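Quick note on the working numbering: the sequence shown kicks off at 860 and runs consecutively.
For the record, the hints were derived by calculation from the structure and aren't laboratory data.
These figures come from a predicted structure and were not determined experimentally.
Backbone N, C-alpha and C define an ideal beta-carbon position, used for all residues, glycine too.
Treat each hint with caution, since some may be false.
Unchecked claim - Restraint ranges, calculated between C-beta atoms of paired labels, are given here:
#: 1; residue 1: L1297; residue 2: A1217; range: 53 to 59 Å
#: 2; residue 1: T1299; residue 2: I1143; range: 30 to 36 Å
#: 3; residue 1: D972; residue 2: R1308; range: 37 to 43 Å
#: 4; residue 1: T1299; residue 2: Q1009; range: 38 to 44 Å
#: 5; residue 1: A1010; residue 2: G949; range: 30 to 36 Å
#: 6; residue 1: A1010; residue 2: G1220; range: 26 to 32 Å
#: 7; residue 1: P898; residue 2: R1308; range: 38 to 44 Å
#: 8; residue 1: E1206; residue 2: V1259; range: 16 to 22 Å
#: 9; residue 1: E977; residue 2: V879; range: 37 to 43 Å
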Amino acid sequence: MGKKSRVKTQKSGGGATSAVSPKDMMNIISELLQKCSSPAPAPGKEWEEYVQIRSLVERIRKKQKGLSVIFDGTREDFFPELMAWAAENGASTEGFEIANFPEEGFGLKATRDIKAEELFLWIPRNMLMTVESAKNSVLGLLYSQDRILQAMGNIALAFHLLCERADPNSFWLPYIKTLPSEYDTPLYFEEEEVHYLQSAQAINDVYSQYKNTARQYAYFYKVIQTHPNASKLPLKDAFTFDDYRWAVSSVMTRQNQIPTEDGNRVTLALIPLWDMCNHTNGLITTGYNLEDDRCECVALQDYKADEQIYIFYGTRSNAEFVIHNGFFFDNNSHDRVKIKLGVSKSERLYAMKAEVLARAGIPSSSIFALHCSEPPISAQLLAFLRVFCMSEDELKEYLVGEHAIDKIFTLGNAEFPVSWDNEIKLWTFLETRAALLLKTYKTTSEADRSLLEKPDLSFHFKIAIKLRLAEKEILEKAVASGQAKREYFQKKLEEGAPLPKYEESNISMLENSVSDSKLPIILGKLEEADETGEQELKMTEALSKVNAGGDVLVNGDSKQLNGTNTENEETLHREENAMKTDDAKENVEEITECNKVAEGQS
């Protein structure tokens, strides 16, 4: 699927190169689990922790060399079998074929003219690998007992994939054989390739992805070796880190949500054949037909015979594409850079600002985004910055002043400034904040562009440099936009221009503010709780079941199957609160310099 499919072809191999003592392996696994379960490192020590975790993983990989399950032949050898299997099970296979493209790798090519919005591809439910099919498989018994599998559908799907791959009679084998044997996500980067991302804003997500994957692997290695309900899994004798990395990458690059059979819930699924389509800009053209119980895809645009058929993956940033899909998309109109902002609890006006933000439905500390489009901020971020930069009198006006409740609705609308002075402060703050972030990079934009001209760069080096360059370009645009806006509002202030007055009849304007006019609705959700953050929280909650000694906890009691859930829930609650506290502290630390800028103008 897209550049996800750009992989090295694995050759068929034999067994392990040398016998490994189960005790020695378990000792390293325990060390890895303990390291990955330790508290977050101090600021500036993240790279050091990453290298330490990676060193332990490499020791494990070395001992497991030759143990991974692999197939004879290349992906391409199995495409005819995939198409035949799809046709036998009710999928559409006419009008397209699987082809290899110079830039994107394998994808779908039209074999006839296809009109825009024409239904050309459908895949019935029975072909999909889902969390529901995982429950009904050999994994079912373990799933019923393990809280991580229950809490995280993507991990359940990864193990479903591993179990089916190990079964020579698996119904899904024609599909599994066509999956890449390796991926281009940062999980597959060499250490020096990750080093190129060190100063990028996305680096913490890269660290977290690797740490979480290593932690999950260590946890499940112990589960598979010790849990009675894991004894029948076809993984007990050979469950390698490379196997797990492959499985989570396959799921991460391909998973989609579909409705359950009753249509009341959603579940995660792998969708064979459809997942060969590559990405381009556009709109979502895939849906689920509950009546016919199948996934359906209509053409994004007109396609001529021999042209590649694309779909739109969604409004992902390039950081998300690189981390979760393994490619960088040039000219990404939805690209953005995450930015952590929060009101310091030590600030004198904290309570008032927090209250105004709460009334607007905005947290006092959160992750927002700077966008590649103009304006670079969403309505939500505009509202936050206005409150963040309010004077005491302005805060009182929005708390107890005339039409205070109505005024809350104007906070995210560019047409209704709080005051000219407030606008000057917020755009000065944004300009300063973006400029400070730019200073954290070790190379300039010009230097990165020069590096990209080198002909001998590996694919991983190239996307790493492209990602950090794209981040800088967004920040540079934010600096320029902040400066231009600051100068504009400074002129308004000097001219004594009257502020636009809010009237009740203006309420209809608030739903279509300029700040949001160029942003898809989904971005509001992404800024409040990004995908990586949600995954990390679920992992931390579930993995808090592993005690300091490394024993596997099942339903709340170490090595016992019938413990109570009360202790679990309390543990999860404490862990979640601790995470929130740590995040709040980090937010405050990161914006100290910018706070000084804003407070200096109050």
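Which numbered hints are broken by the structure, listed smallest first?
Hint check: 1 and 9 fail, others pass.
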